[in-house]
Each structure stands twice: as structure tokens, then as C-alpha cells.
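Use the sequences and the hints to build the structure in full.
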Amino acid sequence: MRSKTLWVLPLVGLLSACSSLQSSQAPAGFPDAPSADEMNRVSPAFKHYTDDVVLEDLWHRPGLAPRERSIITLSTLITQRQDVELPYHFNKALDNGVTPEELSEIITQLAFYTGWGNSTNAVAILSDVFDARGIDNSDLPAEPANPLPIDMESEQAREQLVDENFGDVSPGVVQYTTDALFRDLWLRPGLAPRDRSLVTVSALVASGQPDQVTFHLNRAMDNGLTQEEAQETLTQLAFYAGWPRVFSAMPVFRSVFESRGLIDADG
Amino acid sequence: MRSKTLWVLPLVGLLSACSSLQSSQAPAGFPDAPSADEMNRVSPAFKHYTDDVVLEDLWHRPGLAPRERSIITLSTLITQRQDVELPYHFNKALDNGVTPEELSEIITQLAFYTGWGNSTNAVAILSDVFDARGIDNSDLPAEPANPLPIDMESEQAREQLVDENFGDVSPGVVQYTTDALFRDLWLRPGLAPRDRSLVTVSALVASGQPDQVTFHLNRAMDNGLTQEEAQETLTQLAFYAGWPRVFSAMPVFRSVFESRGLIDADG
Amino acid sequence: MRSKTLWVLPLVGLLSACSSLQSSQAPAGFPDAPSADEMNRVSPAFKHYTDDVVLEDLWHRPGLAPRERSIITLSTLITQRQDVELPYHFNKALDNGVTPEELSEIITQLAFYTGWGNSTNAVAILSDVFDARGIDNSDLPAEPANPLPIDMESEQAREQLVDENFGDVSPGVVQYTTDALFRDLWLRPGLAPRDRSLVTVSALVASGQPDQVTFHLNRAMDNGLTQEEAQETLTQLAFYAGWPRVFSAMPVFRSVFESRGLIDADG
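Chains as they are written, first to last, in our numbering: chain A, 1 to 267; chain B, 1001 to 1267; chain C, 2001 to 2267.
Just so you know, not all the hints are guaranteed correct.
[Unchecked claim] On the chain B side, residues computed to face chain C include the following (Cβ under 10 Å):
no., residue
1, Ser1127
2, Phe1130
3, Pro1144
4, Asn1146
5, Ser1170
6, Pro1171
7, Gln1175
8, Thr1178
9, Arg1183
10, Arg1188
11, Leu1204
[As the list claims (entries may be wrong)] With beta-carbon atoms standing in for the labels, derived distance ranges:
no., chain 1, residue 1, chain 2, residue 2, range
12, A, Ala157, B, Gly1224, 46 to 56 Å
13, B, Asn1146, A, Pro147, 51 to 61 Å
14, A, Pro141, C, Ser2154, 54 to 64 Å
15, A, Pro62, B, Gln1160, 56 to 66 Å
16, B, Pro1144, C, Ala2145, 53 to 63 Å
17, C, His2048, A, Asp179, 39 to 49 Å
18, A, Pro141, B, Leu1181, 47 to 57 Å
What the hints contain is simulated information worked out from the structure, not anything from laboratory work. Quick reminder that beta carbons are idealized off the backbone N, C-alpha and C, glycines included.
Given below as C-alpha cells:
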């Protein structure tokens, strides 16, 4: 049984040097990532794929920067509540240039798009990572002084469509979709619209909701996500969300690429 | 790193007064909800939405009583294994009038409708909440002396349909569906049929199974769930199960409302 | 609140004799399964179904051996991250004849088919179980000296189909699907092809991906899974993955049985 006593704390830096995924101890009530020794004890095969295929190969592929790979990976881990890898990947994201404010916005976006409890959980873990690195977001404004500009024409078209379809199915959902999401959350300036869409697309693929990818992938590409980045988003998701989720999403990505004239429709 | 030592126990009441979600410490091996300070450190934005939109606004909307909002929220959290919010919401449910026996039945219902391990997990967390409040269900009968009456005509129609479709696909599933579910679990008197259906509908939406909502939403409405309550069920689910799950379920709710003549089919 | 202090360790054997699911203490940061007393305190009903329907009845049904029931159950628990039952079921799997090497391969297979973090998590839990039983897989080869033979004709047909459909949607996914999955992972000899397919089918049903079951169930039956075993796989999954997941998968199982001439198409 792994010990978790106070005297190991000074060794954390040393221990993490021996391990693929242990970047720091998890907070109380959250699991520690397995050490390199524990991975070998259980599965040299899994350790081999983790080290040689995922960490050494996947993360260094061209076509998508490490910063974006971190955003996709964190969105997937939070959506799937895979807490054991979160301390490592929060640290890796900060090392890859994701800012503390962007992490705050990613967690907030995922609350609405994957369920509130996933983000409450992520806050508990990230709080410890921030503590260890001396980061504090407390002075960030809860509500932005200068929200992003809104494209009222397309927003009104969206509102009309949703109201026609669902206005008498759930007036409450329709109201919050406008007031809390598209005229509030999506206008927060702390995360670029392209990145907010990338978080959302990752969450939709990871939670098995490919039908709703069309709207959000188009939005991501309208805001600057390239075709190559979208292709590599799927590659990153294959490992972190699992092959079946990605194979369910690929036909949707293809139809978006086709509708934008990026690949042949008979391709 | 959050400390979890014995001397903080007398401060729990005081600490929880400062926090949105910390109602008590979680049991060993389960995560504590983040404190108000931790939420601010990580994301003043997420804290703002949690306090001002979810806890202050959503939970006080008309159309659905706090007791029912608690049943929907607990069903969603247990289905999605969002343990970090469970101690707070088990306590809130008891405060909102959900009885200990009803909690026992909700957990039992979710074992069959979302997978056994989710309920085993919920028992471990609720046991600590009961302990802290001096609640003990041990004297409840494991099997009810007086099960609810069964509508044999509709039950036989259900059995015949399932047997025709799946009798040679999995005789075991077909047998347990009759013996353990519809002639046993659903007849337990500890949870009103309307509420048992509300638990089931919530679990189906939260686990991304909208196709099976038709049968169970009709059953809920046959047993007294009003259209307005069903509409607000979706609003509550939007926050706790996430927007995409709810947008996948809204067409099914619409078709049930239409088939019952509650809204126009061309609406 | 459950205590977790050192002096209870000598009592573990005694305690587990009183409990349905507590086979050993969980590692730090992972939840303990509830004791028999805790289950009674919360829900005598759930304890009754766990003891009398699941453990006493389901696990002893004919048509599928306990070893295979363990493989299906572990695959489901890992896919759904239901950690609380994992220590008990890892021990039960070893008692039922699943070898340590097979457990290593099951975890590796699930990394690709349900998302990496689920397997990282499982390693942390299984490491403690191995430690307690004196098991160590460290000497197993990370890459097999003698991979299984490959059927190049069917593999090339698979590659061509995937490349035509998705070659310009995500070249990276297509490449890894060939290089890491079908010409590497699936050729590892540490788990029989029938069992590797059983793990995969269980994960697909448990994660709500029935569309991809067709390919993998056919593969399982090509490699020796009988119709009766497939039928009982669904029965086992009903309890551990939940009824709705299984009812979504049953039409797919039926169409596979029909296409293989095992049941009538108008059945």
C-alpha cells in the first residue's frame, strides 16, 4: 500500500523525476498518479505505450502546438473525470503556455458543457497545483468589464431557431442558453473564441455527443482553427477520449470539412 | 495542499459557513469540495456562476419544488460519479424534504439504471452524511411487506414486446427485466412512482440515453409529473448534466408533449 | 466518519468476512467500498439486491464462466471509473483465474478503447492489490518477442476502408489505428484474441457506443465466443453497465446473431 506520510514531501521533486505522470502529490481525497515502479509492477506494456507512444511521440507531432494539445487533453480529462492525470496535465498546461486565467475560463466553460460537478472537482485539484506554484487568480474579475463584441445578426438567428424548436419544450433552458451562455459566457475575454470552441469540441467528442460538433467545429474554424489543427485534434482525442469516441466523431468532422470545401465530398 | 488533520474537525461548521459547497468533510478516499477561498483562487468566474446563477437563481425558480430539484440533481451526480458535490447535495436533499428512505430507494433505482458501481459509491458517501446527522435506515425492510399494486395488462404488454424483440438475444436480460425490475424494484413503496420515474428520466438524460426517455417520461407524467415540472426538469439538468445532454433530450421531450396533446405538433 | 488508521489493518480479514464488497482497504486517495454495516445503515434494499441478486444469483448463472464474468465486470468498472468496486473485483478476477499478465493486457486494451486516464487510474488501484498478494509483472516484456500471426488479407481490407473514409479527415488517427492498434496492440499474445474482443465489446456497451459493437462482436465470435456466452455477456453488463446501455446494445447483438444465421431474421 502506498504510504502518504509527511516525511515524503521533501522527496516529491526527486520522485517525480522517476515517473511518467507523477508531477506532484494529489490533494487529500484525490488519487496519486502511479509511480514508474507501480506502472512496471502492473503493466510494462501500458508503461511502454504511455512513455514511447503518447508522451514521446503523440505530444511532439507537428500540426498542433503543445499548448493546444494541453487544452484538448485537459478538456477531455475533466469531461471524463479522470482525476488521476489532472495534476500532471495542469502543470504541463502551465508549462506549455496556458495561462492561469485561461485555466479558469476552461473550467468555467466545461461546467456548462459537461455538467457542473466536473468543474467543481477540477477546481479542487487545480487549487493545489496553484498553491504549489504560488499562483492566485483571486484578483481576476468575476464578471468582465469589457466583454467581447457580439455578432447580433447570427446570435438573433440562433435564438430564433432555438426558440422555434424548444421554446415550449423548456422555456428555462431557452432563456439560460441566451442569457447565461451566448450573451455572457461566450463573450468573456479571458479565453480566445477559437480556444473556447476547441474546449467545447473536445468536450463534445469526449462525452459522446458528436451530433453537436457541427455547430461548434464550424465556430472554431470561423475563429481561426485550421484544418490541420482540427485533424490533429482528433489524433490527440483518440488517445485521451478513446478510439471509439473519435471514430464516432470522424464522419461529423468530414462533413464539416466538406461543407467548407476543404475536402472532396466524394473523398 | 489542503490539510486534513483531526484538529480541523471542530472548525468544520465554521468553515462551511464560508463556502458554497462544503457542507462537511468527505469520507476518507473521497474528495472534499473546494472551499470559497479555493474557488476564488482558481476561478472567480466559476464561483460567480455557482453562487449567483446556480445556487441563488436556478434553485429558486418556480415550476419545480426544491425537493424535486434535489432528486434530479442527486440522480445526475450519482450517474456521472461527481462525488465532490455529493455530500453537499445529500445534505441539501434531506433539508429539502427528501426522506432517508427515499434516498435509499433512489440509490437502489440508480444501481439498475446506471450501473451497480455508481450506487456502491453513493452508499459510501451517504453513510458518512447519515452518521453525522444520526440517521440510520437499518430497520427498513430489505423487501417490502406490501408492494404497490401492478397494472397486469400493461405489464404483460411490455413483457410480450420485450420478449418478441430480445427473447433470443439475451434470455437472461429479459428474465431479470421482468423479475427484478418491473415485478419487484418498480413495486417498492418507499419512493412514489412519479419520483422513481423522475430519477430514471434524470439518469437517462445524464448518461446520454435520450431514446429511452420516451417510455419513462410518459410513465412519469401518467403518475402525476406536470408539463411545467418536466420543462423545469430540463432546466435543472442543463446545469448538472451539461447543455449538450439536454439539447439531445429536448426533441424527445417535445415528441412526448406532442403525443399527449400538450403542445402543437407544428410548434 | 469512517476511520482509516493503522491499527485496523490486522482486522481486515475479519472485516471483509462481514462485508459484501470490502476485500481490502483502497490505496490513499481512492475510496473504500462500504462495509456491510454501512450498506445496511444507508440501504437494506440495495444490500439485498447486491447480496442476493448480483453476488449470489447473477455470478453463478450457467452459460458464462466466472472468469469471463470477471473480465466483463472489470472492463465495465474501468470504463465507467467506478473505483470503489475495483479492489474487490481485481481480487475476485485473480481468484477466478484471470492471470496477472491478462490483467496487464486488459488495462492496456482499455487505454486505447476508453481513454488513457481510465487505465492510469486502474494501474494505481491494481498496484496495491498486487502488492498485497505479492504479485509483480515487472519482468514481463513491454513489447512481445513473438506477436500473434496477422491475417493480412482482412487487415488490408480494413486499412483500405478506413483510409477511404477518414484518410483526409485525420491522417494521424488513421496512421495510429494501423501502427499502434491493429499491427501492434491486437497482436500481443498476453491475452487471447477472444478475450481481447470481449474486453472491447464490454467497453463499447459500457461507454454507450453500440454502433461499433458489430465489428468487435463478430471478431469475438470468429475467435470462439459462443452465442450463449454473448447472451450472458449482456446479462452481466445489465447489472454493471446499467439496463439502458444494454437495451441500446441488444438490437446490435440481434443483427449480428441474424447475420451469422444463429437466430431468425423475423425473430
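Hints, verified against the model:
Look at Ser1127 (chain B): its Cβ gets to within about 4 Å of chain C, closer than 10 Å, so that hint holds up. Taken as an interface hint, Phe1130 (chain B) checks out: its beta carbon lies about 6 Å from the nearest beta carbon of chain C, inside 10 Å. With a least beta-carbon distance of about 9 Å to chain C, the hint placing Pro1144 (chain B) at the interface is held under the 10 Å criterion. The restraint placing Asn1146 (chain B) at the interface with chain C is violated, with a minimum CB-CB distance near 14 Å, outside the 10 Å limit.
Checking Ser1170 (chain B) against chain C by beta carbon gives a least distance of about 4 Å; that is within 10 Å, so the hint holds. For Pro1171 (chain B), the interface hint holds, the least distance from its beta-carbon to any beta-carbon of chain C being 6 Å, beneath 10 Å. Proximity of Gln1175 (chain B) to chain C holds as hinted, the smallest CB-CB distance being about 8 Å (cut-off 10 Å). The beta carbon of Thr1178 (chain B) comes no nearer than 12 Å to any beta carbon in chain C, farther than 10 Å, and the hint placing it at the interface is violated.
The beta carbon of Arg1183 (chain B) is not positioned within 10 Å of any beta carbon in chain C (closest approach about 13 Å), and the interface hint is therefore violated. Annotation: interface hint on Arg1188 (chain B) holds; nearest CB of chain C at approximately 7 Å, less than 10 Å. Hint status for Leu1204 (chain B): holds, given a least beta-carbon distance of 6 Å to chain C, under 10 Å. In this structure, Ala157 (chain A) and Gly1224 (chain B) break the distance hint of 46 to 56 Å, their C-beta atoms being roughly 39 Å apart.
Separation of Asn1146 (chain B) from Pro147 (chain A) is about 59 Å and conforms to the stated range, judged on CB atoms against 51 to 61 Å. At roughly 59 Å, the beta-carbon separation of Pro141 (chain A) and Ser2154 (chain C) lies within the given 54 to 64 Å, and the hint holds. About 59 Å separates the C-beta atoms of Pro62 (chain A) and Gln1160 (chain B), a value consistent with the hinted range of 56 to 66 Å. A C-beta distance of roughly 60 Å is found between Pro1144 (chain B) and Ala2145 (chain C), which places it inside the suggested range of 53 to 63 Å.
Remark: the range hint 39 to 49 Å for His2048 (chain C) to Asp179 (chain A) is upheld by a beta-carbon distance near 47 Å. Restraint check, Pro141 (chain A) to Leu1181 (chain B): a C-beta distance of roughly 51 Å satisfies the suggested window 47 to 57 Å.
Consistency note: the structure conflicts with the earlier hints numbered 4, 8, 9 and 12.
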